[in-house]
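Participant: Listed below are the residues making up each chain.
Protein chains: 2
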Amino acid sequence: MENFIAYNPVNLHFGKNILSSLGKTLKEYGNRVLLVYGKGSVKKSGLYDRIMKDLKAQGFDVCEYGGIKSNPVIEDVDAAAAIGREHQVDVILAVGGGSVIDSSKIISVAIPVPNPGWDFFTGKAKAEKAIPLVAILTLAATGTEMNPFAVVSNHATGQKSAFGSPLTFPKHSFLDPELTLTVPRDYTAFGVADLIAHCFEAWFGIGDTTLTDRFVISIVKEAMEYGPQLMSDLQNYEYREKIMFAATMALNGMTMYGRSTGDWGVHSAGHSLSLLYDVPHGASLTIVYPAWMRHFKDRIENRIVQLGAGLFDETLTAGETINRIEAFFKSLGCPIRLSDLNIPGDHRQPLFESMVHNKVNGGNVKMKEEDYWGLIGLYL
Amino acid sequence: MENFIAYNPVNLHFGKNILSSLGKTLKEYGNRVLLVYGKGSVKKSGLYDRIMKDLKAQGFDVCEYGGIKSNPVIEDVDAAAAIGREHQVDVILAVGGGSVIDSSKIISVAIPVPNPGWDFFTGKAKAEKAIPLVAILTLAATGTEMNPFAVVSNHATGQKSAFGSPLTFPKHSFLDPELTLTVPRDYTAFGVADLIAHCFEAWFGIGDTTLTDRFVISIVKEAMEYGPQLMSDLQNYEYREKIMFAATMALNGMTMYGRSTGDWGVHSAGHSLSLLYDVPHGASLTIVYPAWMRHFKDRIENRIVQLGAGLFDETLTAGETINRIEAFFKSLGCPIRLSDLNIPGDHRQPLFESMVHNKVNGGNVKMKEEDYWGLIGLYL
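Chains as they are written, first to last, in my numbering: chain A, 8 to 387; chain B, 8 to 387.
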């Protein structure tokens, strides 16, 4: 095992009707709330009205910022932070999926400083103070509800980058699986794929840690067992619950115990697809992961074979394991080639340039520019 | 799944030479340290001298309380709290195993109040303030390093009870597997058994939670694979590391996600063995667990069969599963009957009375007095 520090102070409230204690939780931090949400689903589902009514009945002073995009952009972060600063909010309430909660993490550290939000990604600003963040999760996918990480795009600079500090953990996250019953088919599938990809990023990192490997296999097996059942019964509370819980476990730190780093090369490469073509994050991963495993098969053969044995309870070659994983993503209805998305044009050169510009790389499996061409060739 | 809250703010530092950052960590809380330790092993191993030298070189003002017993008693807690109060300590440094860290948790809430420590167990005192606690673990077993619970005996009242509050989490715990290389054979085995028993207490609790069940199976399988290897090679760092990590995971909260309660009936019954005969905690569990599963086999047959399938990868009856688990404990060198310990006298009546007095019971599998006789009959 590699030395590690386990630290996760998030208060995670999970289950049916768990929002009943929301007001009491917010009151711990004060009365002025900045409500942050996305592009309409929380209004369509009635959740927005329900929360607003609830907060106003309890005497909270609420200002709001809606319209966070599903691939979140830094302009929204800055606009929301300006509102929070102006209203001197005591607490941020993020209601949504990964994009809303990730954006709110940066908003929480941006409000107390004069800097634009992107300065945290470039290192120009340091997180030294944060407005407390409370999250209500409406999409099972990224795990952001129980970690300090935020990924945001900056189209002005052509970058999609990650930031995290001990200050950007949500203080509380509320997870009621019922709130995910209205998530449409495609985003449900992307969520299952995303959580599996998070497990893989840990698996292909650095550190020989048998028990943590068992945890990773446990989470992926759970997703592979109940993900397909959920896809054929999207209104099933029990399956929603299992996938929501698995997505949180997939990126709350436990898959990293005993490792010095994850890999994250696939996420890094996938970000270019999202930047250039607004490909949903989960879909970018089901395209890149099979290609990445194929391209680097010789370097990581042993780990792929171990993964196959753990997931499928039989002895498979690395190639067979990759085929099975790809077939699984496909069975969920996820794209496994960029061509599945029917985006017109020739993507080779722009993709390559975006990967160079974003310095796409893994923490363990290092990439050179020739590897970019190899990957692109495999996922067109 | 049952609704649950996941919350664990412990900063866990795990790995080789991890103590190098101890001083820096303590300094966060102040300069006056109360060092708490046990009955000699930390002095024998040289750890005491090493820490004292280190703390003094860094200018800490250290007072100390040694002599915590392996089944810790409330008198030591009160005596240590008096020293901490007198010296107005800023932080407690607990160096030892479960008994030292458990005692230190009560010391940490007892110092700020005039009450005797036992008042926290009876509810006469409430934990409203705590001196920060930093722990250095020297025994892989109880998981106390990453949870808020403390179990202490009061021989004056004939009770062994548990207490925990959000204030009694250690702030930081340092786990260097090297510090466990000197743990003798019997306590090494008891530690492996203890961590397995913690997993079982979660397994037999209330809540149908498939992913958490996978985590529980993962931890027990790890212990069953590497526990025996460690027993035949006590100086092996890698095996020590695996068991130390597994013991922490076995009781840090993750085995309880999606459950409303664990069972803990076996721990409850085992405490009477420790109270009456000073049986080490882990040894009490290897005696009681097989008896408890046999006695309640009809009520929990399905869960025992699921456990057997998960642990041994084959279809076993409940009876076969119990026999395998008992055989495993025996293979470690743990007692599986009270008679294995050669304690003279007739134990039936005193055991029964202690169980009645301590209201021995489980959170899920409820016991009546006739069940006490059933258990006692099976483990004599």
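Please keep in mind that the hints were generated in silico from the structure rather than gathered at the bench.
Watch out, some of these pointers could steer you wrong.
Pairs involving identical chains hold if they fit within one copy or between any two copies, as the list cannot separate such chains.
Keeping only pairs whose Cα atoms sit at most 27 angstroms apart, straight-line, the calculated BS3-like set for lysine-lysine is [stated by the list, open to error]:
1. Lys375 to Lys60
2. Lys23 to Lys133
3. Lys131 to Lys60
4. Lys31 to Lys373
5. Lys31 to Lys133
6. Lys23 to Lys304
7. Lys133 to Lys375
8. Lys60 to Lys133
9. Lys131 to Lys50
10. Lys76 to Lys51
11. Lys51 to Lys228
12. Lys34 to Lys178
13. Lys136 to Lys51
14. Lys76 to Lys304
15. Lys60 to Lys366
16. Lys46 to Lys131
17. Lys63 to Lys366
Participant: All hints are to be evaluated individually against the structure, with a verdict given for each.
Facilitator: We went through each hint and held it up to the structure:
{"no.": "1", "hint": "Lys375 to Lys60", "verdict": "neither (54 angstroms within a copy, 49 angstroms between copies)"}
{"no.": "2", "hint": "Lys23 to Lys133", "verdict": "neither (38 angstroms within a copy, 30 angstroms between copies)"}
{"no.": "3", "hint": "Lys131 to Lys60", "verdict": "neither (40 angstroms within a copy, 41 angstroms between copies)"}
{"no.": "4", "hint": "Lys31 to Lys373", "verdict": "neither (47 angstroms within a copy, 34 angstroms between copies)"}
{"no.": "5", "hint": "Lys31 to Lys133", "verdict": "between (31 angstroms within a copy, 21 angstroms between copies)"}
{"no.": "6", "hint": "Lys23 to Lys304", "verdict": "neither (43 angstroms within a copy, 32 angstroms between copies)"}
{"no.": "7", "hint": "Lys133 to Lys375", "verdict": "neither (30 angstroms within a copy, 60 angstroms between copies)"}
{"no.": "8", "hint": "Lys60 to Lys133", "verdict": "neither (36 angstroms within a copy, 36 angstroms between copies)"}
{"no.": "9", "hint": "Lys131 to Lys50", "verdict": "neither (36 angstroms within a copy, 49 angstroms between copies)"}
{"no.": "10", "hint": "Lys76 to Lys51", "verdict": "within (16 angstroms within a copy, 62 angstroms between copies)"}
{"no.": "11", "hint": "Lys51 to Lys228", "verdict": "neither (33 angstroms within a copy, 46 angstroms between copies)"}
{"no.": "12", "hint": "Lys34 to Lys178", "verdict": "both (13 angstroms within a copy, 25 angstroms between copies)"}
{"no.": "13", "hint": "Lys136 to Lys51", "verdict": "neither (34 angstroms within a copy, 45 angstroms between copies)"}
{"no.": "14", "hint": "Lys76 to Lys304", "verdict": "neither (35 angstroms within a copy, 55 angstroms between copies)"}
{"no.": "15", "hint": "Lys60 to Lys366", "verdict": "neither (46 angstroms within a copy, 47 angstroms between copies)"}
{"no.": "16", "hint": "Lys46 to Lys131", "verdict": "neither (30 angstroms within a copy, 52 angstroms between copies)"}
{"no.": "17", "hint": "Lys63 to Lys366", "verdict": "neither (47 angstroms within a copy, 47 angstroms between copies)"}
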